[in-house]
Each structure stands twice: as structure tokens, then as C-alpha cells.
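Combine the two chains into a complex, taking the hints into account.
Which chain is which? The protein sequence lines are L and U, in order.
If you want this note's numbering, it's the 1-based position in the first sequence plus 67.
If you want this note's numbering, it's the 1-based position in the second sequence plus 1146.
No lab work stands behind these hints: they were computed from the structure.
None of these values were measured; they are calculated from a predicted model.
Below, computed lysine-lysine pairings styled on BS3-like, alpha-carbon distance capped at 30 Å:
id	chain 1	residue 1	chain 2	residue 2
1	U	Lys1238	L	Lys527
2	U	Lys1408	L	Lys401
3	L	Lys512	U	Lys1378
4	L	Lys309	U	Lys1218
5	L	Lys319	U	Lys1381
6	L	Lys382	U	Lys1408
7	U	Lys1269	L	Lys326
8	L	Lys237	L	Lys326
9	L	Lys309	U	Lys1153
10	L	Lys443	U	Lys1381
11	U	Lys1416	L	Lys373
12	L	Lys319	U	Lys1269
13	U	Lys1378	L	Lys444
14	L	Lys443	U	Lys1378
Label-pair ranges, simulated between beta-carbon atoms:
id	chain 1	residue 1	chain 2	residue 2	range
15	U	Leu1169	L	Arg372	32 to 38 Å
16	U	Lys1416	L	Ile227	40 to 46 Å
17	U	Asp1187	L	Ser235	31 to 37 Å
Here chain U is said to cover these stretches of chain L; the calculated rule only asks that three of the stretch's residues, wherever they fall, bring their Cβ under 8 Å from a Cβ of chain U:
id	stretch
18	263-275
19	339-348
20	363-374
Every residue, glycine too, gets a C-beta built ideally from N, C-alpha and C.
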Amino acid sequence: MSYRTAKELQEEAESLLNEYSARAATLKVKERQKIPSQDMPVQDPELRSHNMEEVALGYSFEQAQVEAYRCLQCAKKNCMEGCPVKIDIPRFIDHIAKGEIEQAIAVVKQTTLLPAVCGRVCPQEKQCQLHCTLGKSLKDIDSSVAIGRLERFVADWERINDKIVIPSVKPATGKKVAVVGSGPAGLVVAADCRREGHHVTIFEAFHKLGGVLRYGIPEFRLPNDIIDKEIETLAAMGVEIKANFVVGRTRKLTDLIDKDGYDAVFIGTGAGLPVFMGIEGENLIGVFAANEYLTRINLMKAFDRKADTPIYPSKNVAVLGGGNVAMDAARMAKRLGAEKVFVVYRRGEAEMPARKEEVLHAREEGVEFLLLKNAKKILGDESGRVNGIECVQYELGEPDASGRRSPVQIPGSEFILDVDTVIVAVGNGSNPLISQTTPQLAVNKRGNITVDETQQTSMKRIFAGGDIVLGAATVILAMGEGRRSAASINAMLAEEV
Amino acid sequence: MNNILFKQQLSQDVFLMRIHAPLIAEERQAGQFIILQTDDDYGERIPLTIADADTVEGSITIIFQVVGKTTKHLATFNVGDELPALLGPLGKPTHIENFGRAVCVCGGIGVAPMHPIAQALKKAGNHVTIIIGARTKELVILEEQMRVIADELIICTDDGSAGIKALVTAPLKELCERETKPDIVIAIGPPVMMKFCSETTRPYNVFTQVSLNTIMVDGTGMCGGCRVNVGKEVKFVCVDGPEFDGHLVDFDNMMARLSAYKDIERTHYKCFVEKAYNNSLKEEAL
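Next comes chain U alone, as it looks inside the complex (with noise of 0.2 Å):
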């Protein structure tokens, strides 16, 4: 059963759980996914990149931002709570070896999965630089985490709360000048962030994957609603990816297709935060 075995809040919209899956953590590799509901007869399949496994106690971690009525009930499920259904892991697990210098770029809750991975290129014998980049201050989170790993960290944040005040962009840039110039640049974050970092480092040559997070139904390659160009070909993101060239990437249609159910994603969200606030204010008269 997945149950909840830990809940910390890491800050006002994210949030990270340990959950029981002693399989899933078996089996997981960096670069792998998950696909949870948190209702398994009305609710949608999500996925959500598997930031750490604990073999021993059998679980994985999940970090997760609060953005649609989803991830809004997740994040109201509490330790011993039930997930209704869990699959995984999914996905092609990432490539690792030592390619020498690699970079790792993580926007946002993309330092969740980059963190395995970062663990692994180190292991790999790597030289591993990692970029975190994140709105402001409190939105940077396993920073003790990735210090431990990096041979390099930078801190950027759009407001200056943190670190250096700029985007990722720039600190990759003036790693790709450098003579020692990165042999792998792994961009993991929102799409925008991906696709940006991809355009910095094409000028240079500079190997750039990404880390996709499509709209999925089934997540084992059936429905073909996480298809995305690459090159000229039509990849599936759940058994062909999640990990993509990202200089071959079709960030723009990618983009656009992460919009198709917007309109109908808010009202989703909005009825449900406002029902729970109708429920709590009943409470409260009760």
C-alpha cells in the first residue's frame, strides 16, 4: 500500500513526501517518473519525477509544486494517508557515465529530479556544476542537498534574494566560454527555462539534455497525448523519453500543447479550492 510516510512543507506551494513503494524503489534509476492519482475513480493521472529511493525503508520522495487542482489535493493527503494508485517507475532512466565536465541546470522544482541524477554523474567521476535557479529566496529548495554533491554551485534568483541575481542563462553561458568548457549540460525545469538553456549552449556545441513533462494519460506509451517533435520525428515522452536532445527539441509546439486543457485546468482548481473553503467555513460554524 502507498501510504505517506513523511510530509515536510519546503515552502508556501511545495512540498515534499516519502511514500511507501518499496518496488518502485527497487527498481528506480535517475531520470525515472511516476504516475499517481489521488482519487483512482475521478481523478487524473499526474506525473511527477521521482527526486530520491530509500531501499531500506522501501520508499520514494516526491517534490511537487502546488499548480492545478491535483497537486492542490496532494498536497492535503497527510502521513499515513493512502495513495490510491501509484505506477512506476517510468520513463528511460537517465545515461550516466563520465563524460567529464557536466553541468546541471535546474529551474525551480526541477532540483528534485536533478538531484538523483547529480548524485549519479558524481559517482560517475564526473566534475559536476550545479546551477539552481529559482524566483526568489524561499523557492530554493535541497540546496544543502546539491551542495554536498557539486563540485561548483551557483545560486541564481530572479530578485537577487539569493545568490547571484540573474537568470540561469548567464552563469551557463560563462561556463560554455570558459576553455574548460562543459562536456554535458542537463536542463531540467520549466519548458521555457529548458528552452532557453538549450539556445545558450547551441552556439557552443555543448551536448544539452532536457527533461520533458508532457501531458500524459496512461504513461506506458498508449494514449500518444505526451508526443512531442524532436528532429524531425515524433517522440513519445513517456517510453521514448523523458530525456531529449534539447537542441532538437520543438520547445514552442511543446509549449503550446501543454495549454490545451488550461481554461478547464483553472475552473478544475477553482472549484475545488473553493469548495474546500466552503467545507472549512462549515467546519468553523459547526
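Chain L with its partners taken away, still in its complex shape (with noise of 0.2 Å):
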């Protein structure tokens, strides 16, 4: 696939409305078919490879309904099995095909109030759209209906025009919530309780909401703005707000509930902790977990010259890991000047979990891909600086325990890489700091919290969910245990009124 500006596009949507608008509601399955799936428009490769701006630009009004026409509108909806909250996606999308807009965007948030965040984020590939019976009809996954940048479209169109509808919340029943962390899982947490008419409390311990929304995902895929929007709903629900405040620490966890009257307390403190792989030279000068350099330049804005938190000079970068992670650090080191970025990943591209979109933008923006090949050893300088990586050559075997061909090291296959900067991107343990000052909370072998089928954990009236949870996951599922905790802490607090 070649890039074609955001112009070609739209003129090729612009032909296509006229060819179908007329009988849009009569094409019949095999007219839908032949219908081309609307590519995103982006930024230029060259360009966005040196700014922070966002990269995918956004479906038109027109290229949005031209892919709606391609919606088989199928009565046993499949592609809303893949959604983890469930919205009802033909219905919305049949929306966008007859030009309502606001009608599909009211549709979307009876399920979602993140869908900004979702149609960007989301692995549609892995959910929605892997269920879309056009995909599949078509025998290729890539030719499903585009349901998240349809989301993203409405709900982009909804913010740009001022549309944004607060939600409405139920009188006050004089009971009080408290939302530990404002990730994903913790926004949805909040806005579900505060709808029941709960005092809801968020508190997050960055001085900024929206968790890994904000400082793991960098700009160019999910633009601060929008994240700020969502939490200005919130609070405009009647959401209080805490940041600069680590439960646990500020206030132990049984204090929310023994001395400030919360009646119920949700987890979603999120898989944090970074992991390295255990290797000799990890703690060179030059070596940083994804999660460091992500949220210097994210969060902290160390891409700034007005920004007084430092980033490393860096001109050749190695990435370690196949993750979206990975991906997003990658693409950052291209975009603060360095002139050679490789992601170097023990496993074939067919196994990358990272999302295919993100692997295309990131080799368009010059990311250099070293496959089947793994870090074995991290060299430095005398000054205990990273100057290169001792690099081994693998081959795919059987499949493991996860399905995938495990890799095996080809013996003698040693190489050096010349870097100066090394980013670990090899996955997240669970946040230790809850469970360090809440002993009596049960935790698995990996520290995350375990909970039964509502969400609850071990202990009354407190709930978990997302990565603390689920461990390192994503964005999306994270929303779903925030929903599923959501409800169960509303049937509680509904029981005891």
C-alpha cells in the first residue's frame, strides 16, 4: 500500500457518493462489496516524521458515508461480539450512511464515553472488524467495514462542532465512590457511578489525568486535547477531581472508606512497573524503559524547548520489543531528531502484537525492523554510556504455549548494533503500591489483584479492574472491566439505600 494524500482520497469518496448516494439504501450485497474500503487519511510520512502533530487525519464527511454504504447491516450483528462495551455498531453506522451524524454519535456514547479515544486506540483489527461478515465474505480482514475510524469519525465530528452532550445524572443519593486512577478503566468507572447520582472522587497521582491515555500514548496517535475533553465532561457531570494524590500513600486505601466515608473504592491503578529482560548492561547510561522516555516527552513534554525535564540526545536508537509500545517509542525517536531508529523484535512481523497500522506508519516514517533477532548484551563506553548492542540471529520453531512459532536462537549468528540509545519496550508488571500498603488485598503470583465475577477483590467494597487486573492489556478492555465494575458497584450501593 502506497501513500495517497488526503486530496486523492477525497476525491475518490467524492465519485463514489455520487455513483451510490441516490439508491444508498437499496445497494444490494454485492454493490456493497464492490465498494473500496476508504483508507485514513494521514499526514505526510516526510513531514509527520518530525512533528508531534497526529498522524491519521480523520475520514471526511463524505469518505465516512461511502464507507457506511458498505455496512451489510447484518441481522445477527457479529462485529458487536468483538466490542468489549458492546455498542451497537450497524445501528450507528446506518446512521452515518443516511447523513445523521448526531444520531450515530447518540448511539455510540449509550455504550462508550471514550469513543475519541476508542476509534483511535482500539485493535479494531483484533475485535469489531474481525467479526464484520464483509471482511469475511471478502476473505480479507483488512476489507472489513473501517468501524473504528467510523467511531472516531462521529466523535470527532460531535467535539469539532460543539455537540458534545453532558450526560445526564440521576439525583443525588448521598453515596460516595472513590476512582483510584483516571486511566481508561477509571474514567468509565467514574462516569457510571456519577450517572447513578454517586459522589464520585478520582484520584490520580500524576499532576495530569487520563493515566497511560496521557503519558504512554504520544500525541501523534491520541492528541492531548481530546483526552482533556473527556475529563471536562466528567467533571462538568460533577466528577471531583484529585491529582497529585497516591492512594496508598496520601491516604491508605482502608482510610477512603474507615475515615472519609467512601462506600465503595475502584482499583485501576494499571500495569505500570516497567519489565527489562534481565540482560548485562540494563543499567548503562542510555538504557530507558519505554514507560521513562514515553512519559518525559508525553507527559512532561520534554520535546519542548520551554520543557525543563531533560531528554536523552540520542542519534541511533534501538527499541527493543513488538508491541504498540514499542512502536510509539520508536516512532518518537524519529520525531526528536535521531537519525537511525531500529525496533529489534525475537519474533517474524506476523507475530508483532503491535496493531499492522502502527507497524505501516512507523516503517513509512523510516523505523528500521530487525527481525527474528534479539539483545543479548548491552555494551557501554567507559563513562558507563550505551554505545552498542551484542545482537543474536533467531529462526521460527514449533509454536508455544501462546500459539506463536517460538523463536530459537541460531547459535554463533552474533552481530553488534551501534547505538547510543537503548528503549526497553518489553511489557509492564502490575503498579506494586496498593498492594505494598494494603497487605491484606489478595494479589496473584504477579502481583496483580484477583477479583470474582463482579469485579470485586478480596476485600468489601473494593473493586478492581483494567491492567491491575488483566495485566498489561489494552485500552478497550480495560473500559469493559471498568463498565463491568461500574455495575456491580451500583447493584451494591442501590441494595443498601
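Structural data, given as C-alpha cells:
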């Protein structure tokens, strides 16, 4: 797939719209199958690899409508099964096809409060779009209806046109809910509990809200003003926000209930603890956890000359890992002026956990992929600064427990990669702070909080969800857990009235 | 709101501030620290230990030395000004018990975090010896407060302008050689001082606890920037520490890692000072 400008895509959409709009409602399946999938317009790769602006520009009205024509409006809504928050997908797409954007966003917002976020960062190809009948009939998942892009379109339309409707809140119940952590899970719980009329307080350790949405995902993939808008909506609903507050330390978890009178607590502290590879040289100067690297830039604006937070000056960067975080770090390094950026991943491209689109974008921006290779040892100079990594070549063997073909080292294939910066992006463990300061809270071997099917922890009135329960997962799965937790909290509090 | 309630300049570059932070004052224990920002949009996050707290006033006391842009900026804050971001208390509290004989070795600004620890050790029934080291007389801080706590107080200066002319390791060695050698040594100060204190006590097999102050971003176990080698393990200072067994800490690696951003930090500091200077010139001209 080669790069096409927004103008080219728009011209194509306008001509398709001319062709189909008059009989849009009566299109046959065969005709719908023929309409080409609308590509997402993106910034020119050369340009965007030097700026922080959002890469994907979003569908135009015409593109969205043409894409909506492709939806077969199946009686059995398979796509919905893949959606952790169960958006009524065919219904909102039908509204777009009819040009009724206001109605479309209203449908989406019945089940999610963060459509602008989900439309951007959900792994749609592994969720809703995986089950799309159109994609299946064309035997190509990339030909599924672009549900995520349509979701983003309606959410952006609402925001840009100042049509955001503040969800209504039921009369005050006098009950108080504490939400620990303001990432995707916490935001959902706050909204859902507030809607029921409970007083909700969000506690966030950082000075700004959003959790991983803010510190982890770069602005070129999820602009901060979109997160700000979502938080504004919560505040307008009457959710109380306490930043610079680390539950477990500023206040003990149990004190929130015993002393501060909260009737329920939701823990959504995420999977923050960076995992390292355990190889030699990982503590040299110039080796960073992706979390540190991205937080300095995303949250602390280290890319900006005005910012005090320094960023390490890099010429040649190696990113270890193959997930979305690795892509974010690699693309960020490029934007900060690195000449060469390598992604070192021990399996092949097919096994990469990152979204296909992110890999494609990284490639377009000049990130080089060293597949079937892994770092064995990080090398440093006499002052302790990174000056290379010793890598080793792999081949794919039999499938392992994860179902992916397992990488096998090729003896004697070692080589040295000349880099001055190494970013480790091989995953995160659970944040230890709450369990450390609340020993009575049950956690599993990996430090994840254990919950029952209602998301309740081993402690009364205390619920948990998102990555602190799942281990490092996705934004939408965290939101699904948040939704379930809020329902349990609301049910518990309703019984007590 | 985290207003500054009191500010005092202890020496040319050292400042004491009491900041309104009732929740932190209530929860904090000896050994813990805070992270603050002087600007919540463009500022950096710096960790500072809590020197004292007053639950009645609802305040915590910090003592800091101007070393870079953010501490320089912080020093320009006055009574009534509000700190844009303050998080704490962070880190594991110091383990306090009646060890018997405790020796507290503080270097320079390290006296500040040592103060609550020495207090707690004394309260727990320990015999407390305090060694304060500083470059010169005017950099010796909290002497009177420490004298109240200490069973024995030794002051060392590099130039001999106060106390004895020696490094803190000299009296420390002497104490280790006594028949009643220390049961625990706690050292807080510049990394190089903590390293040599640990080396001094090592041959005498006296447990030596150090309090590390590494580069941190979030302070809650998320960024991994504060990692240090302790024995054969990698530890995060913010959640596993800040206190560790000094005989196991790889100080050389830690000191190297502290210098990661040295050049950039120096530039930021210089720009800030020049800007402040230029602004004051402009004001004078007006």
C-alpha cells in the first residue's frame, strides 16, 4: 500500500458518493462488496516524522458516508460480539449512511464515553472488525468495514462541532465512590457511577489525568486535547477530581472507607511497573524503560524547548520489543531527531503484537525493523554510556503455549548493532504500590489484584479492574472491566439505599 | 492548596520551607520523600526528602540546595505562593527499632532527611551518635536541632572552620573501632559520601543503611528511571527504597546514571539564571 494524499482520497470518496448516494438504501450485498474500503487520510510520512501532530487525519464526511455504505447491516450483529463495551455498531453506521451524524454519535455514546479515544487506539482488527461479515465474505480482514475509523469520525464530529452532550445525572444518592487512577478503566467507572447519582472522586497520582492515555500514548496517535475534553465532560457531570494524590501513601486505601466515608472504591492503577530483559548492561546510561522515555515526552513535554524535563540526546536508537508501545517509542525517537531507529524483535512480523497500522506507519516514517533478532547484551563505553548492543539471530520453531511459533537462537550468529540509546519495551508488570501498602488485599503471583466475576477484590466494598487485574492489556479491555465494575458498584449501592 | 507558609535561607544555596500539605503531614513517616514541580505544564518532577512535619499546622518541611533549574526556581517562591504540584509521602518509611547504638552520618543537606530518622531512633530507645559533615562552617545546618536529639554530636568540616577538620569517615571509623561498636549506621548525603561510609563500615561488618536519591519521574514505580543495582538485584528506589543496605548498593553505577542528563541540566540552569538576570535588568531600567 503506497501513500495517498488526503486530497486524492477525498476525490475518490466524492465520486463514489455521486455514484451510490441516490440508491444508498437499496444497495445489494454484491454492490456493497464492490465499494472500496476508504483509506484513512494521514499526514505525509516525511513531514510527520518531524512533528508531533496527529498522524491520522480522520475521515471526511464523504469518506465516512461511503464507508458506511459498505456495511451490510447484518441481522446477526457479529461485530458487536467483538466489542468489549457492546456498541450497537450496525445502528450507528446506518445513521452515518443516512447522513445523521448526531444520531450516530448518540448511539455510540449509549455504551462508551470515550469514542474519540477508542476510535483511535482500539485494536479493531482484533475486535469488532475481526467479526465483520463483509471482511469475511471478501476473505480479507483489511476489507472489513472500518468501524474504528467511523467511530472516530462521529466522536470528532461531535467535539469539533461543539455538540458534546453532558450525560444526565440521577438525583444525589448520598453515596460516595472513590476511583483510584484516571486511566481508561477509572474514567469509565467514574462516569457510570456518577450517572447513578453517586458522588464520585477520582484520585490520580500525576498532576494531569488520563493515566496511560496521557503518559503512554503519544500525541501523534492520541492528542492530549481529546483526553482533556473527556475529563471536562466528567467534571461537568460533577465528578470531583483530586490530582497529586497517591492512594496507598497520601491516604491508605482502607482509610478512604473507614475515615473518609466512601461507600465503594474502584482500583484502576494499571500495569505500570516496567519489565526489563535481565540482560547485561541494562543499567548503563542511555537505557530507558519505554515508560520513562514516553512519560518524559508525552506528559512532561520534554520535546518542547520550554520544558525543564530533559530528554536523552540520541543518534541511533534501538527499541527492544514488538508491541504498540515499542512502535510508539520508535516513532517518537524519530521525531526527536534520531538518525536511525531500529525495532529489534525476536519473532517475525506476523507475530508482532503491535497493530498492523502502527507498524506500517512506523515503516513509512523510516523506522527499521530487525526481525528475528534479539538483544543479548548492552555494551557501554568507559563512562558507562551505551555504545552498542550485541544481538543474536533467531529462527522460528514450533508453536509455543501462546500459539505463536517460538523463536530459536541460531548459535554463532551474534552481531553488534551500533546504537547510543536503548529503549526497553517488552511489557509491564502490575504497579506494586497498592498491594505493598494494603497487605490484606489478595493478589496473584504476578502482583495482579484478584477479583471475582463482579470485579470485587478480596476486600469488601473494594473493586478493581483494568491492567492491574488483567496485566498489560488494551484500553478497550480496561474500559470493559470498568463498565462491569461500575455495574457491580451501582448494584451494591442500590441495595443499600 | 500547597502554599508556602514559611521560608528561611539557611546558607547561600540552602533553603528551608514549610509547605501547607495536611494529608502528607498526617501520613508521613521518617525516611519518606515528596515529589514536587514548580510548574505543572513545563516543569520537571524532583524528589526531596521530608525533613519534618507539623500535623497541627498541617505542614511539611523541606530543606533543599540549589543545584539546578528547578531548585533555583523553587528558591524564588515566597511565603503565600502556591506550589503547582506536590505528591507524597512516597517511599517506604525507615524501619525503626531499638538497635542499641545507632550512628547517623549526614553529609551537607543530608542532615534534613536525617532529622526525623534520628528523632525516631532516639524515641525508640537507641543511643544516638550524629556525625554532621559539611564543606565549611556556614553549610552546617540544623546543628541545634540535632544536638537536642544526639547523645553524641560530631561535626566535621573540610576546612576545619567548625568542629574537626576531617571527612565524616574518620570519626565513623573510630566509632567502629570502639569496643561498643555501632549496631547500625545510617548514612545520608551525597552518593560519594554514602559510598565511602559503606566502605568504612564494611570491614567491621556494621550494617549500614543509605538513602538513595536517584533520577525519578513519577515516584510511584512506573518509569523505572530510578533503578539501582543492589546485590544481584535491580531495585526501584521509589517503591523498593529509598533506603538500602549500603554494602550491597552499586554506587559507581548509580553515580554514573545520575550524570545522564548533566549537560542538558547545566544548559537549562544557565538559561534560567540568564533569563532571571535579564529580567531584573529590564525591571531596573523601568
